[in-house]
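**Q** Model the full assembly from the supplied sequences, consistent with the hints where possible.
Here the protein sequences come in this chain order: W and B.
With the numbering used here applied, the first sequence covers 1 to 179.
With the numbering used here applied, the second sequence covers 1 to 475.
It is possible that part of the hints are untrue.
[What the hints assert, rightly or not] Heads up, simulated BS3-like pairs for lysine-lysine below, C-alpha to C-alpha not over 30 Å straight-line:
| hint | chain 1 | residue 1 | chain 2 | residue 2 |
| --- | --- | --- | --- | --- |
| 1 | W | K167 | W | K48 |
| 2 | B | K253 | B | K208 |
| 3 | W | K167 | B | K208 |
| 4 | W | K48 | B | K262 |
| 5 | W | K48 | W | K81 |
| 6 | B | K208 | B | K244 |
| 7 | B | K262 | B | K244 |
| 8 | B | K244 | W | K81 |
| 9 | W | K167 | W | K149 |
| 10 | W | K81 | W | K149 |
| 11 | B | K262 | B | K208 |
| 12 | W | K160 | B | K208 |
[What the hints assert, rightly or not] One side of the interface only, derived from the structure: several residues of chain W facing chain B at Cβ under 7 Å:
| hint | residue |
| --- | --- |
| 13 | F46 |
| 14 | P62 |
| 15 | F63 |
| 16 | I70 |
| 17 | C141 |
| 18 | K155 |
| 19 | V156 |
| 20 | I162 |
None of these hints come from the bench; they were simulated from the model.
Here the structure is a predicted model, which is why all the values come from computation and not from measurement.
For each residue, glycine too, the CB sits at the ideal point set by N, CA and C.
Each chain is listed here by its residues.
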Amino acid sequence: MVQRARSGDQSALGELYDLYFPRIYRYMLARTGNTAEAEDVTEDVFIKVLGAIGGFEWREAPFAAWIFRIAHNQLISHSRKNGARRQETPLADTIADPAPDPLIRVENRLSFEQILDVARVLPQAQREVLWLRFAVGLSICDTARTLGKQENNVKVLQHKAIARLQKLLGRPELERTTI
Amino acid sequence: MKQRFEDVLAECLEAVNTGRFTIEECLARYPHWDDRLEPLLRLGYQLSQASFPEADSTFRETARERFLAAAQAGAVAPQQRRKLLPALHMPRRWSWRPVLSAPMGRPVAWRRVALTMAAALLLGCIGFSSFAVVSAGDSLPGDWQYPVKRLTERTRLAFTFGDNARRDYRISLAQERLHEVQQLASGEHQIDESVLRQLVDSTEPLVKALEPDSVPTDQIQRITDLTAEQKVTLDRVGPLVEAKAADELAQAKVVSSEGYDKAVVALAAARAEGPEETPGLTTPATGTPSASAGTASPTPGSSPGAAASSSPTPQAGASATPTPQPTPVPGAATPAPAEPTPLPGEPTPAAPEPTATPTPPERPVTFLPDDTTAGLKWNLLTIGDFSVRAPADGSPDWAISTLSGANGDRILVGHFQSGGFDASITVQVSTGQASIRVLVQGTIQEVTAEDVRTLVPGPVADVILHVLESIHAGP
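**A** What follows is the structure, encoded as structure tokens:
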């Protein structure tokens with residue numbers, strides 16, 4: 001599919017779009033916390049992909065890592081451009097529990113808003129790993145390639161991020177799910 | 001070697017999230033990490049199962065169309081074009097050359113033919129891409145060139161440096177989105193949610209960042225005019241908005257309305273602080289319509305950056321009685337309490353360049369009681385040495401606007417029908433050059449004066465031609 005897309009095959013480009021759009025949009029939404037911005041940057045990413053796909057080489061990186069590298073860079077570029085008017089609200093280290101009963105919360109699936117709220121207090125490097133690993137579903141290897149980091153570094157950041165989230169969510173005993 | 005906890009956690013998470021192991025199986029493999037590993041593993045699993053909002057399906061589909069259209073229109077990398085021309089990059093180790101060259105006895109012939117064909121194809125690609133970019137300028141949402149237009153805008157924005165210049169261009173882009181809505185309405189095309197969302201997305205950031213102390217007055221003026229025209233336009237295009245886009249229409253109205261209110265306040269504050277306009281920038285020409293006046297609208301053919309920096313004087317539907325005496329057009333474009341010019345006796349701020357701020361010419365409006373062309377009342381609009389006749393207030397379905405842009409002022413006289421202009425004439429103040437646009441079979445087309453009578457109804461043609469004949473430019 002990627003090979004066909006590289007040669008300008010419309011159906012292959014469409015397939016690539018369908019395959020990666022939801023994940024890239026999810027990543028952008030997680031990183032920006034804003035639907036309009038997420039849409040803008042996601043669209044920019046695909047335009048960038050059009051411009052760069054001719055230079056894609058399998059030997060350099062898997063396609064997922066390659067496309068998320070573009071997404072990551074586009075996001076950085078977007079943040080720089082909009083840095084002046086961006087207002088990130090620092091949250092306190094403790095998050096108010098919206099659920100009346102901790103048990104109710106434990107039984108519910110984590111919502112995006114819940115994670116987004118809590119993740120704001122994480123350092124950026126941990127947040128980046130968190131979203132790429134769990135919102136996008138990249139492997140450790142692809143996450144490392146996307147961020148230009150060592151795999152060991154990504155593992156450490158992942159551990160720190162989850163441990164911090166666990167503390168912030170205040171859920172030492174999580175739902176005992178049998179999978 | 002002792003295994004690190006981070007490695008174990010990463011390994012287990014990959015295994016659990018890919019379904020290779022259950023959490024319990026992972027814990028059983030690392031009993032000495034059990035207590036520490038279990039909560040993190042369960043949370044990691046929960047994170048991977050968390051519900052994330054999906055993109056709006058309409059956006060997803062329209063963005064997909066734009067993506068594919070951009071690909072088709074040539075928004076591909078040089079590398080990709082290169083790949084499309086394998087003859088240019090045929091590896092030497094390939095065996096084509098000996099096979100083909102042996103019987104021909106001229107090893108270079110095939111390569112020469114291939115190169116010639118490739119060059120022709122490349123020129124074709126470049127030609128088509130150039131055509132696509134040039135012709136995309138007037139395209140509307142839904143046109144095949146529209147993605148190219150947006151791409152061009154993004155590229156230009158990326159190469160626009162400096163806060164002021166970028167903001168200026170963003171305002172122009174918002175004006176262009178508004179212009180597109182008006183064009184669609186003129187052609188009686190349906191207006192979908194993506195069009196309205198683009199309008200909101202282009203306007204909202206401008207309004208949010210609108211602060212009198214950080215945005216030049218002329219830009220606040222443009223934002224004021226923009227939002228005022230949005231309000232008018234959005235009120236008029238309602239019947240053409242798809243039912244499923246009702247929310248987007250409501251949101252667009254809120255953004256334009258709140259934006260207008262904020263801009264008016266900012267403009268008043270900026271003017272109260274004194275005339276600190278950026279040297280060389282255009283001073284607002286005439287009064288902006290209040291949103292309820294409902295007459296200002298940029299010309300359908302206006303280019304980005306040229307539209308709507310000011311607005312009408314004698315307006316259709318305006319309530320003021322025509323004055324037989326020359327009346328200077330108010331300088332304040334909006335209900336701003338302060339004037340941009342310093343009051344007598346006030347100290348004039350020291351200007352670094354004494355000649356930088358030009359004095360705007362007088363803009364009197366004279367009522368012409370003897371002129372009853374097409375059964376309307378007429379005014380003479382004068383700007384310096386330029387003058388033109390235009391329908392006075394009380395002329396139903398006619399709007400008159402003064403547009404300031406990079407190419408100088410223009411006067412627009414437009415006839416409204418079904419939420420948009422079906423005929424308009426735009427006159428360049430500096431040259432007197434006129435452009436007539438009429439709705440022909442659903443699309444706005446530029447036509448010559450000779451064609452007007454055959455393309456538009458008699459009274460409308462009478463007005464357009466009367467405006468055209470009355471143009472006086474230069475001393």
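**Q** Work down the list of hints and note, for each, if the structure agrees.
**A** Do the hints match the structure? See the list:
1. K167/W / K48/W: Answer violated: K167/W to K48/W is near 39 Å, above 30 Å.
2. K253/B / K208/B: holds (15 Å)
3. K167/W / K208/B: violated (36 Å)
4. K48/W / K262/B: Distance of about 36 Å is beyond 30 Å: violated.
5. K48/W / K81/W: holds (17 Å)
6. K208/B / K244/B: holds (27 Å)
7. K262/B / K244/B: With Cα atoms ~29 Å apart, K262/B and K244/B stay inside 30 Å; holds.
8. K244/B / K81/W: violated (33 Å)
9. K167/W / K149/W: holds (26 Å)
10. K81/W / K149/W: holds (24 Å)
11. K262/B / K208/B: Given pair K262/B, K208/B holds - Cα atoms ~9 Å apart, limit 30 Å.
12. K160/W / K208/B: This hinted pair is violated, its Cα atoms lying about 36 Å apart.
13. F46: holds (5 Å)
14. P62: P62/W check fails; min Cβ-Cβ to chain B is 15 Å, beyond 7 Å.
15. F63: violated (15 Å)
16. I70: Violated, about 12 Å.
17. C141: For C141/W, the interface hint is violated, since the closest Cβ of chain B sits about 10 Å away, which is over 7 Å.
18. K155: Where the cut-off is 7 Å and the nearest Cβ of chain B is about 4 Å from K155/W, the hint holds.
19. V156: Holds, about 5 Å.
20. I162: Where the cut-off is 7 Å and the nearest Cβ of chain B is about 5 Å from I162/W, the hint holds.
Checked against the numbered hints above, the structure breaks hints 1, 3, 4, 8, 12, 14, 15, 16, 17 and satisfies the rest.
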